[in-house]
Amino acid sequence: MKRQQRQKLIEAQARAFHTGTVEYMNKQWVFFDEETDEASLLDEYVHQEAEVLRNTFWIKGYLLEDGGFREGASISQLENGETVRIRKQLIYSLEKLVEGLEDEALLYFLNTLNSLHFSIHDSIYCYNHLTFLNPEKEASGVNFLIFDNETQICSVQHHFDYGKKRVDRFEFTLSDGKRTVIEKMLS
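Be aware that the sequence shown starts at 265, since it is given in our numbering, and climbs by one per residue.
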């Protein structure tokens, strides 16, 4: 799977956006997240991918300083009360973990996570032990991930053994006690 295909797979996950409205207040653009009711300065999201709802269509582009919005080569200004969704960024350690997984292991992981009603964008913590190991040598260890979908918590232990065979084992434990284990071996 190419990098672009992986990116599309991640982008298609549920809850990939912060959705809310924007308002110009006290000479600053403020973003009001509809899910959390939290307000934040729009400046925190400058140069991030976003979509603006205009005439019932989501227009893709990038947020600019001072309430600007770039769609392709054109630049427009956001309007008070306009609905905006800002693409969520993965935690850096999770992003690196996803990049390092073999295609099949990534698909097994995402499909299982989704079947448990979680999205990769629900991640609130990721410890990626692989970043501390030499990728040229055999390696084994465990990565720890925690996801919160606002209904439950999911803890994932990713056991890996990258020797003669490449083994990825994911142990999912939900806050209600339900457990799921998947394992993928590649020669």
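Quick caveat, the hints were computed from the structure, so don't treat them as lab data. None of the values given here were measured: they were computed from a predicted structure. Virtual Cβ for every residue (Gly too), placed ideally from N, Cα, C. Any given hint could turn out to be false.
Said to hold, decoys possible - Pairs of lysine-lysine residues, derived as DSSO-like cross-links and limited to a Cα-Cα distance of at most 27 angstroms, are as follows:
| # | residue 1 | residue 2 |
| --- | --- | --- |
| 1 | Lys-266 | Lys-360 |
| 2 | Lys-360 | Lys-272 |
| 3 | Lys-448 | Lys-272 |
| 4 | Lys-352 | Lys-266 |
| 5 | Lys-428 | Lys-272 |
| 6 | Lys-272 | Lys-291 |
| 7 | Lys-266 | Lys-442 |
| 8 | Lys-428 | Lys-360 |
| 9 | Lys-324 | Lys-360 |
| 10 | Lys-428 | Lys-448 |
| 11 | Lys-291 | Lys-360 |
| 12 | Lys-429 | Lys-266 |
| 13 | Lys-291 | Lys-266 |
| 14 | Lys-428 | Lys-352 |
| 15 | Lys-442 | Lys-401 |
| 16 | Lys-448 | Lys-360 |
| 17 | Lys-401 | Lys-266 |
To be verified - Restraint ranges, calculated between C-beta atoms of paired labels, are given here:
| # | residue 1 | residue 2 | range |
| --- | --- | --- | --- |
| 18 | Ile-446 | Ser-340 | 25 to 35 angstroms |
| 19 | Ala-403 | Glu-298 | 35 to 45 angstroms |
| 20 | Gln-269 | Gln-292 | 15 to 25 angstroms |
| 21 | Lys-291 | Gly-405 | 16 to 26 angstroms |
| 22 | Thr-283 | Val-310 | 38 to 48 angstroms |
| 23 | Gln-341 | Lys-401 | 20 to 30 angstroms |
| 24 | Gly-345 | Thr-444 | 20 to 30 angstroms |
| 25 | His-393 | Ala-337 | 22 to 32 angstroms |
| 26 | Ser-419 | Val-310 | 32 to 42 angstroms |
| 27 | Leu-305 | Thr-444 | 35 to 45 angstroms |
| 28 | Met-449 | Val-294 | 27 to 37 angstroms |
| 29 | Ala-403 | Glu-329 | 16 to 26 angstroms |
| 30 | Glu-366 | Gly-345 | 43 to 53 angstroms |
| 31 | Trp-322 | Asp-440 | 17 to 27 angstroms |
* Hints not upheld, ascending by number -> 5, 6, 7, 11, 13, 14, 15, 18, 20, 21, 22, 23, 24, 25, 28, 29, 31
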